[in-house]
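**Q** Chains as they are written, first to last, in this note's numbering: chain A, 1 to 665; chain B, 1001 to 1370.
Think of the hints as simulated: they come from the structure by calculation, not from any bench. Hints are not guaranteed to be accurate.
In the SDA-like style, the derived pairs of lysine to any residue whose C-alpha atoms are separated by at most 20 Å in a straight line are [said to hold, decoys possible]:
no., chain 1, residue 1, chain 2, residue 2
1, A, K9, B, K1251
2, A, K185, B, L1094
3, A, K12, B, M1139
4, A, K130, A, P86
5, B, K1251, A, K146
6, A, K9, B, R1184
7, A, K163, A, I263
8, A, K9, B, R1304
9, A, K183, B, K1251
10, A, K210, A, Q550
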Amino acid sequence: MFGEDDIVKSHKLRADLIGHIMVICFLGIVARLWFLQVFHGERFLEYSTKNRLRKEIQKAPRGMIYSRNNQVMVYNTPRFDAVITPQFLKNKKETIKKLSVILEMTEKQIAKRLKKYLGQPKYVPVIIKKNLSNRELAIIETENNKLPGVTVNTFISREYSDKEIGSHLVGYISEISQSQLPKYKKRDRFNYKLGDFIGQSGIEQKYDLKLRGEDGHVFVEVDARGRMKRYIGNESLFGGTINNKQSKPGNNIKLTIDRDMQIAAYKALEGKVGSAVAVDVHTGEILTMVSRPSFDPSQFSRGLSSEYWNSLVQNENNPMWDRTVQEHYAPGSTFKTITAIAALEEGVITSDKELSCGPSFRLGKRNYHDWKRGGHGMTDVYKSLRRSVDVYYYKLATLMDIDTISEYAKRLGFGKKTGIELSRERPGLIPTKEWKKKRFGIPWQKGETLSCAIGQSFVLATPLQLALAYAAIANGGKVYKPILLKEIFTNEGEVIQKADTELISNANISDKTLKTIRKALSQVAYDPKGTAWWYKGFGTRMAGKTGTAQVRSMNKKELFSKCEEMPMKSRHHGVFVGFAPSHDPKIAVASVVEHGCHGSSAAVPVVRDVMIAYMKKYYPQDFKRYEKEDRAFYKKWIAARYKKKEEVKTNAEAGQTSTENKETE
Amino acid sequence: MNFTRLLEIFKRYDITFFGISTAIFLMGLANLYSATNASSSSHMAGLYKVQLAWYGISLVVGVIVSFIRPKNFFRYSYLFYAFNIFLLIMVLILGHKGMGAQRWILLGPIRFQPSELSKIALILVLARWFTKSNPDREMGFKELLVPGLLAFIPTILIVLEPDLGTGLLHLLVFFIMCFYRKLRWKTIGVIAILGIISGGFMYQFGLKEYQRKRVVTFLNPGSDARGSGYNAIQSKIAIGSGQFWGKGFRKSSQASLNYLPENHTDFVFSIFNEEHGFFGSLLIISLYVILLYRFIHLATSMTRIFDSIVVMGIMSLFFWHTFINMGMVMGLMPIVGLPLPLMSYGGSSLLTFSICNGMATSISNSRNLF
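Isolated chain B (complex conformation) (with noise of 0.2 Å):
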């Protein structure tokens, strides 16, 4: 490889994806500072440090995985997803030991989180199904058989973790992932009202009061069942009372008063919605927007149908974390406990964006590249 060819790399590098990931993470760095700076417990104060790391790690780990050629992205997939599967069901075993819910592996001094690894492994592993069986023609309920069976299993492992929220996770990237491959919508439109319609009859007639909130603990014991009305009211006063031009950067009174919890993680919105206010937050969201749209005109700018159905995928893996994260600090949903991409505090988080967007722009530079 000789210099001229290595300036071409790099002329042709598509640095759409890390450039805005960038952008919004920088301000989530700044609003971490000021989320965690302000309250008066000094035990979070060099957190930002730590997430700045975490990103440097993540970015270079993104950029090796854009220099991997999409062929392998698809050739691995299957591999990947059964390695996955492996993890998945290790941290279940290891987990019954140490008692407790258990969503990490320790290797050596990291914590490592397979549920974040396993939503790239699924949508590897169902755009690789999804291309191989008649990528022409649309999909019924036979064609979802398998690929329904592929994305339940890690659902399963994940929700028994216990994890609901990544697990639910999991089915939504499923579905999206299912619609773009053309999911015939008489189709949806079935699975929709058998949905609706055990669902509320389970809810309504099968568990009765007191198993529904034991259901609910059970499942997913992060979320603050006895407080979930408290938090959700917390996070609204802090969101509303930043108007339209905000408090200003470092005057949150909600997070330094610590009335909001985790405001340094899933909260992080409500925040940054106080100190910057409405147009604040629709600088943030106009970024998010941005991003998800260069995934979408990528995924159909493609040639190869595999890398379409990947980057769609990731596509959105962004979207839900983004929107139900917003949507559960302004009480438009229930607290589930998803990080906000790129903002929330999180090595494993970070890192699982940056590999996404690795191989996104590794499939973008595919088109003129290699």
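Same shape as in the complex, but just chain A (with noise of 0.2 Å):
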């Protein structure tokens, strides 16, 4: 193009002008060159070969968990760690052996803590040995001198005041694993590093981030061996400036749990395989939460010796296991009160109609057996719950759809995860006739309306849906999402957090048919023939539904044996949920124990302890006051029968006595 070559050299003065620029700069970057390498080399050669700049990391204390009455349930506590610096590190051989004396370890295992860490880079110090004593803390301390490259890390570690109680609640902390690092780093976008300890489950692992606060840090100047020549504050060092940055607490967290409680809980599945959960039933609130058998948390933050570890690894009865919340059971006869509710809702019948009930109930080819031999005979609907009479539940299941059941059981949160803040929870299982032809392809049996009616068969639940769903019936239809914080406040106590109780649905259950159930559910307890008088303690004014879980399906035969005397793996589980004061609900508490054999023998009294625990704290008066009106009552009662008997005894001379009948279900 004509006139383009003009025009190009008519930019050739700016093109000249960016040259010289350029140049400038250059010359520039060479003069500084000159300044650092030539003018002050010297002093950098001396400072590259003799001192070295450390940065070292200051831990940020996690932060602490409280119970909901301010008492600590976790806490931290400083620890000593040997730990040697590659680095620094002169005469190895002579070294290792020194300290092997001092730490009582072979030389070969430093060895090998040693080489495990040699693709890292030689200045960070290799842990050799952790809890240091006092006595090793100060041979190290004072032999200094002639061990260099090792020093001593102090270290804070986690405490858990109740051990293995509610440890699968609080969960444990422990060193994040190398191939947990890059998964942790891109999802939370935080700088985890080899050797932080982050939660591993419970509270612990759930609110790990608001736990964990800021790691800070310090530069010190160290000479060739090691050893702290001195702290470097916020100076400028060769022109640049140093900032040591303070280590920031974690936040602390306050939960809704009652330790009393949860200790209350504790002791009373001692020796058993199961758990108990209490929730507030007008807020949610999880009080207590405790799983048997457990582990001890802090044995994790401490670093797991290995004959710990398999001493869990190898108990058949997983400690690590969550029993409230990551393992869902066949809740048994506790869950004909749903049965109840789904019929006196539908109009199936009535509170006051009666039905027959004989031993068993004959379905086409097969005969469905109540629990008690004799059967019950005429039956409304609060005896059929006080007896838990089984008869009557396979009479209400043949007037109504399992679907219509279902509904109900929903409506009362069975079925799905309750959204507590702990992994893995379980959603138990509600069939519908849609979910079974989809899951086994074929279509739903009349029979298996009667099992679910009594709660076996394909029905499952956790105890912490058990127990949210009776506190919905004690408070009116109301269920809540169950809360375990209360709130997270920082170190210097404002409030970052709280939670709120939060209503997931309302069961649109109508007040007559609660009503109903709450009275039939009291006399569960407090009637002489219900099935939970015995073990029902005094003070609490339960009200509540006893259940057995079949293990597995039996014959007539083993149905009527005694479950003491079956193998272990085959006995029932017991369950028992319920709320209290009867009259004017607080907490609802479900408990289940793996093989306990009945309800009322083995989960009653877990419950029972735990609202004795509750009644005792917060409502002393009332307690006093109950307890002392129930053992009224319980006397005279006894006198009556007592005179009974003796009646009885005398009537028929030749003394046949009738022992004792426990009732159980």
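Could you use the hints to bring the two separately framed chains together as a complex?
**A** Dropping the structure here:
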């Protein structure tokens, strides 16, 4: 193109200018290099060979965890580790030899530990022995001069006040693993490093980011042997400023948990395999959450010993398992309450309608047996729950569709996760026709409705779901989201997060029905014919429902044989779920005792002890009054019963004493 | 095409740019070998082989580019620019899904960084615009409007990734190109004053202390906000301790003790200085300066204004990368994380500079070949 040539030429001036500026810039670079390398070179060389600047991480103390009454549940305590910084290690063999004597380790063990971290930069300290005793600590500190490269790291260890009690819920922390590191870095965008401790389960895991705080660092000048010469403050060094950073402590957490109730539940579960959950019926706050067998979380944060780990792994009852939410069971007769609600609401039956209940119920070719050999005779809804009459519910089941019963169960929160802040929660299972068709490809059988109506067959629920459903029955039908966290507050006491009660749904069950059910449930414990009468204790005014979950299906002979004589693995699970006090419910408590045989003898005492602990602590006046009244009533009843027995005895001279028949379902 | 024609091409092929670049690259490769093999961490020992392989690929791509005629750069510049904007938006969308800073697009096994391509796209699109809008007159504010927008769009998209360093680089390249395309001195003055005042005002009064820090860390998580002082000091110690003649090949103590982070990417020049001293760096800097001068010379000897501006854009890209990286490792500038052309480890960067060389070679050859 004509003329373009001239246009380019007209830009020559600017091009030259750019060239000049460029040269000036690079002359600046060269001048700077001269300044650093020739003018100050000696100084930098000396610094690089003799002294080293080291960045030392200061771990942020992890936040503490408190109970609802501000008692400390989880705290931190200092501990000391012996470490070797390979960079400063001189006379490797000799130092290791000396160290092995002090630490009572073999030289091989120490060399092995060092080898494990060979891939890391040499200035990263390697932990040789954790949890130094005071003696070891003193020797290393005094022998410091003879042990170049060996130092003591002060560390903050996590301690759990109640050890095994409620450890599933609180969780544990341990060192982040190589495989976790990239995953966590990506997910939380947090500067995790190897050697960091992170929450691995429970509250520690869920609120790890809130609890962990921010690590700080200080710069120290060390000599060629790795010994610290001095701290370097926020000062300038070779023209650059060094910024030390203070560590920022993690936030503290206050849980809804009551420690005394935890202890009561833990003690009540002594020697058993099972769990207990208590919730506040008006807020969904969880007061108690205990599962046994359990583990000691302190062991994890100290560095797990292989013996302890083996003892956990080899325990067939799996102590790491949180049985309150990570395990679901057939709810057994505790589910009858839901069937009764469905029947009353659907108008299938009225509260005063009596049905004749024999020893068994025949559907098609199969006989469905009652737990009581002789049957119960005429039964209304109160008696059906009080005595846990199976045949009554078989009859209701024939009058209703499984989907109807399931609908009510789902409204009360069964069949889906409750949304609690703990991981690996199980959803339980509430079967429907559609579900079965999908799952097994065969249509629903009428007989299965019968089994489901008494909480067997497909029906599965976690103890937490049971407690929440009964809480809804107690509070007028409101299903709350379970809450564990009350508030998160900073070290200065400023509350940064507060949990609010969250209504998941309203079950939409009429007050009339709920009133009937509550009355019937209170008879379970407070009517002498009720299934929980013998174990209810005094002073709680509890209402509830016992249940026995069959572990496997049984024939008639097995069904009526004594549970305690069966092998452990085939014994029934004992279930009890209830609320207290029955006239003005405050808390709902559920307990499942695996292979406990009966809901009444195994699970009722657990619930009772938790309720007593609650009443004693929060309503001591009422508790005293109820206890007195309960005892008086019991005495009177026993006396009357004794008198009656005496009469029977005198009437039948031969004296075939009917043994005490502890009525159990 | 007969044999004599081929010989002709071969004879007249301008090898200046690839030649000087390869010389710098080879010195960089030796330095990279030293930096990664002195340290105890063995997982980086093979990096120099990867770097060599990348340079091989880059060279092939660069030579192919050198056979594209400059008029095709002109013809497809808008299309290329639009495609590049599309890629940058894709990175943002995909990046949001993956969480965290995302600068990559995965093409099968190869990770691809569109912000590198964006530099070339910007140079081409600006050159084309400047060529079309009265290239004989000086530029004022009015003429700056469209090119400003063209530069601003990719810059914002890259800053959002977030990659503050590369974003700023776009603006700097844009500035040099405007300067070359005769931006009025008065306009430059006004922009400079406005920039200083508004920037200073924002920084001083608009933000609180902790917000300032947060903004910087948010925009550029790669910057070591916590220990930038530490890195700068270690880098200075490394450079200074090299003295006049250097400690010698593979004798760097700062690298071997891993005191210097990123010593194979952003801080390669520190290691080079520690091992080869003032004398060695003078050599390297001379090579860079010669390369840059060749670009300027080429730009002024062109007959077409488009070609001239493209070459000046390429020169500015090389210049800023080199100057900022060197300035940052010796404590003259904040640490922004830009690689040193041809010396830092990284395939994307090698490829970009090789393509730039290819374009310059093509433009140079066009004077006497076609």
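**Q** Does each hint fit the structure? Answer for all of them.
**A** Do the hints match the structure? See the list:
A threshold of 20 Å between alpha carbons decides the hint, and for K9 (chain A) with K1251 (chain B) the separation of about 50 Å lies outside it, so the pair is violated. A threshold of 20 Å between alpha carbons decides the hint, and for K185 (chain A) with L1094 (chain B) the separation of about 18 Å falls inside it, so the pair holds. Among the hinted pairs, K12 (chain A) with M1139 (chain B) is consistent with the structure: their alpha-carbon atoms are about 16 Å apart, no more than 20 Å. Among the hinted pairs, K130 (chain A) with P86 (chain A) is consistent with the structure: their alpha-carbon atoms are about 17 Å apart, no more than 20 Å.
Straight-line distance between C-alpha atoms of K1251 (chain B) and K146 (chain A) comes to about 29 Å, which puts the hinted pair past the 20 Å bound. A distance of roughly 17 Å separates the Cα atoms of K9 (chain A) and R1184 (chain B); the hinted pair therefore holds under the 20 Å criterion. For the suggested pair K163 (chain A) and I263 (chain A), the alpha carbons sit about 11 Å apart, so the restraint of at most 20 Å is met. At most 20 Å may separate the alpha-carbon atoms for a hinted pair to count; K9 (chain A) and R1304 (chain B) meet this at roughly 10 Å.
For the proposed pair K183 (chain A) and K1251 (chain B), the alpha carbon gap of about 37 Å is over 20 Å, so the pair is violated. For a cut-off of 20 Å, the pair hint linking K210 (chain A) to Q550 (chain A) is broken: about 43 Å separates their Cα positions.
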